[in-house]
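Protein chains in written order, with this note's numbering: chain A, 1 to 261; chain B, 1 to 261; chain C, 1 to 261.
Treat the hints loosely; a few may be bogus.
Calculated cross-link-like contacts (lysine-lysine; reagent style BS3-like; alpha-carbon spacing at most 30 Å) [as the list claims (entries may be wrong)]: (1) 159(C) to 103(C); (2) 202(A) to 129(A); (3) 159(C) to 130(C); (4) 129(A) to 202(B); (5) 130(B) to 103(C); (6) 130(B) to 159(B); (7) 129(C) to 159(B); (8) 130(C) to 202(C); (9) 159(A) to 103(B); (10) 130(B) to 202(B); (11) 103(A) to 159(A); (12) 129(B) to 202(A); (13) 130(C) to 103(A); (14) 129(C) to 202(B); (15) 103(A) to 202(C); (16) 129(C) to 202(C); (17) 130(A) to 103(B); (18) 129(B) to 103(C); (19) 103(A) to 103(C); (20) 159(C) to 103(A).
Keep in mind the hints are simulated off the structure, nothing from the lab.
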Amino acid sequence: NDCSWAWDDHYLEKDNLWETIREEIERDCATEPMLSSFLFSTVLAHATIEESLAFILANKLESTVLPATQLLQLFHETLMLDEIRAGFLADLLATYDRDPACKQYSSCLLFYKGFHAIQIHRVAHHLYKKGRVGLAMLLQSRSSETFHVDIHPAARIGKGVMLDHATGVVMGESAVVGDNVSMLHHVTLGGSGKSAGDRHPKIGSGVLIGAGAVVLGNVRVGNCSKIGAGSVVLADVPPRHVAVGVPARNIPLSGISGSSP
Amino acid sequence: NDCSWAWDDHYLEKDNLWETIREEIERDCATEPMLSSFLFSTVLAHATIEESLAFILANKLESTVLPATQLLQLFHETLMLDEIRAGFLADLLATYDRDPACKQYSSCLLFYKGFHAIQIHRVAHHLYKKGRVGLAMLLQSRSSETFHVDIHPAARIGKGVMLDHATGVVMGESAVVGDNVSMLHHVTLGGSGKSAGDRHPKIGSGVLIGAGAVVLGNVRVGNCSKIGAGSVVLADVPPRHVAVGVPARNIPLSGISGSSP
Amino acid sequence: NDCSWAWDDHYLEKDNLWETIREEIERDCATEPMLSSFLFSTVLAHATIEESLAFILANKLESTVLPATQLLQLFHETLMLDEIRAGFLADLLATYDRDPACKQYSSCLLFYKGFHAIQIHRVAHHLYKKGRVGLAMLLQSRSSETFHVDIHPAARIGKGVMLDHATGVVMGESAVVGDNVSMLHHVTLGGSGKSAGDRHPKIGSGVLIGAGAVVLGNVRVGNCSKIGAGSVVLADVPPRHVAVGVPARNIPLSGISGSSP
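Take these sequences, add in the hints, and give me the full structure.
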């Protein structure tokens, strides 16, 4: 990642991740017996990270009319697909890397609703592309209710994406988000008001979007740019610029290093 | 509807709506067997749209200390009242009409938390007017927890109203919303800081309010006006104007056709 | 409280609060039989306000993998601690005092998710200081899912704090909030982008923060100041000033009495 805002990326090899998470959880069980049954059922009882994540997500999305057992199998099968697995592993590592409040890999797996919401979207997007639109919409709806993140299943999201805090994030049908994007809570990638077609933002790689920013219409935000908290972006943002204000104006990132949304 | 922002209104006759929804759901059951028990229990098992909607809402609002069976009867009885029925039918048609991502009538009925939250408000408002304030407040509270929409039961809301995405919408005690209003997520119709009395906004018919807009105090927003995303409105907006900025300034809609919050 | 925005503070003595709440609930049971089992299980069945609040919170935070019985004992023990009890009693009185829509003490106890979220934070903060970080993070996570309020367990919050509507409130690891602070929904006390250390806002006593305001970085907001709705605050706000705009500018409160975020 060559964007100036990036934190250190000397992170764990993906192969060791599941082993490291189990070690973290075993330590937590020893120091906090009250959590042991919770940690056993969500992590230690499972053979793989895909199985653990499927169990966690299925238990969060189940409802009276939608039993966890049905969801569990669907999630497990889908999370095992190479592209989906690569996506959720990169998201988990990205969150650990970028969020200074995330001190264990297992914290992201167990506790981050932004991480959970993206993984539900990855499953929903896969189903949507296969024509299983009703099931995809049900997952979108339950994710909006459970995690307060409303992403249309047609939206395309890259790898290594972090939704920090996540409450109120909205992404429309034709939105595209590149790799290594971070966004805070209350971010909207919304429509232009056109009644159909390509009407949502295209976010480049390595972009950072501050809390409460609203990006509207089929605009392009260039690689490695930032959008300031509370900004309203209605036009393209070139690469390596900061967009700030209501409506936003673009300022080159060079010369304002150290700033942050 | 004579507002310039309105989409096509050649929509389904209300009489055919329930029949059409059942046909959509029967097709969905055939193509997605995994959904069949969910779709049967929420739609096909019911004789009327009021019974189906009551079942859907009761299952979403129930909790350990509040069984669905109690809520089911209350919702069913209230949704059968002429004024409430006219309200929810108009909201459903409005959402189908205005949201390009809503491709079936049944999607709104099953999946749109903004639609669900307004219908809970319609029930709560009816109870509140009858003096059943405690029950109305319980519904407000559960709706805020479940749908992330916090509408005081005294607020008055017209017909054909759409809350798109809906997360974080707040409307105060003396707020009034006209017919055919659309609002995006994170919209606040908030108080002026006065300790009591008439202190919340009055929104005219056909108004469109963009994501994250905050309207504060006993101000009037005229018919067919728009409020831009992220705007803070502290004064009246005349009819057919756009209010944009922090604080918002008013611009006549004539001459800026095609723009959208 | 000597801040100009404060409402009347001739409120109930704390000693009478539980007795008053039980009287309110007994009246509600008589007028609304449909609520009687709900009101009995949440309030009347309990000997003390701590026991009632612990029951309410445990039932809201439980999940398939986290039974209410375990949470109940933990919450009850912690709410009995002098400092925690003083905090939640002051918050309850503050909400009754400041929110004109709150007409009974019991309404806050039963229905206000902002009140519930602060009390979960008080428990989580207590556990965090004792080194029980995993349990504290679990409570933060469940509170974010259930109440849509994401407060890091290390954040320090004073007494008499009200989160009105509360959806989307976020407070980071090194945030500090003084006594008698009120904040509306969608308020962010966020990080400066530094990767660690003291990077979140310090909010003085008696401050009022409007809906959707974003305060970023290790800045100080002075006692009795106000932050306008939708403002983005990136620098210190002196005592008795109003910060408004994106980015916010500071205006002395003297001379603009009567204004309100």
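Outcome of the hint check:
{"no.": "1", "hint": "159(C) to 103(C)", "in the structure": "holds, 21 Å"}
{"no.": "2", "hint": "202(A) to 129(A)", "in the structure": "holds, 19 Å"}
{"no.": "3", "hint": "159(C) to 130(C)", "in the structure": "holds, 20 Å"}
{"no.": "4", "hint": "129(A) to 202(B)", "in the structure": "violated, 43 Å"}
{"no.": "5", "hint": "130(B) to 103(C)", "in the structure": "holds, 17 Å"}
{"no.": "6", "hint": "130(B) to 159(B)", "in the structure": "holds, 20 Å"}
{"no.": "7", "hint": "129(C) to 159(B)", "in the structure": "violated, 51 Å"}
{"no.": "8", "hint": "130(C) to 202(C)", "in the structure": "holds, 23 Å"}
{"no.": "9", "hint": "159(A) to 103(B)", "in the structure": "holds, 29 Å"}
{"no.": "10", "hint": "130(B) to 202(B)", "in the structure": "holds, 23 Å"}
{"no.": "11", "hint": "103(A) to 159(A)", "in the structure": "holds, 21 Å"}
{"no.": "12", "hint": "129(B) to 202(A)", "in the structure": "violated, 47 Å"}
{"no.": "13", "hint": "130(C) to 103(A)", "in the structure": "holds, 17 Å"}
{"no.": "14", "hint": "129(C) to 202(B)", "in the structure": "violated, 47 Å"}
{"no.": "15", "hint": "103(A) to 202(C)", "in the structure": "holds, 23 Å"}
{"no.": "16", "hint": "129(C) to 202(C)", "in the structure": "holds, 19 Å"}
{"no.": "17", "hint": "130(A) to 103(B)", "in the structure": "holds, 17 Å"}
{"no.": "18", "hint": "129(B) to 103(C)", "in the structure": "holds, 16 Å"}
{"no.": "19", "hint": "103(A) to 103(C)", "in the structure": "violated, 43 Å"}
{"no.": "20", "hint": "159(C) to 103(A)", "in the structure": "holds, 29 Å"}
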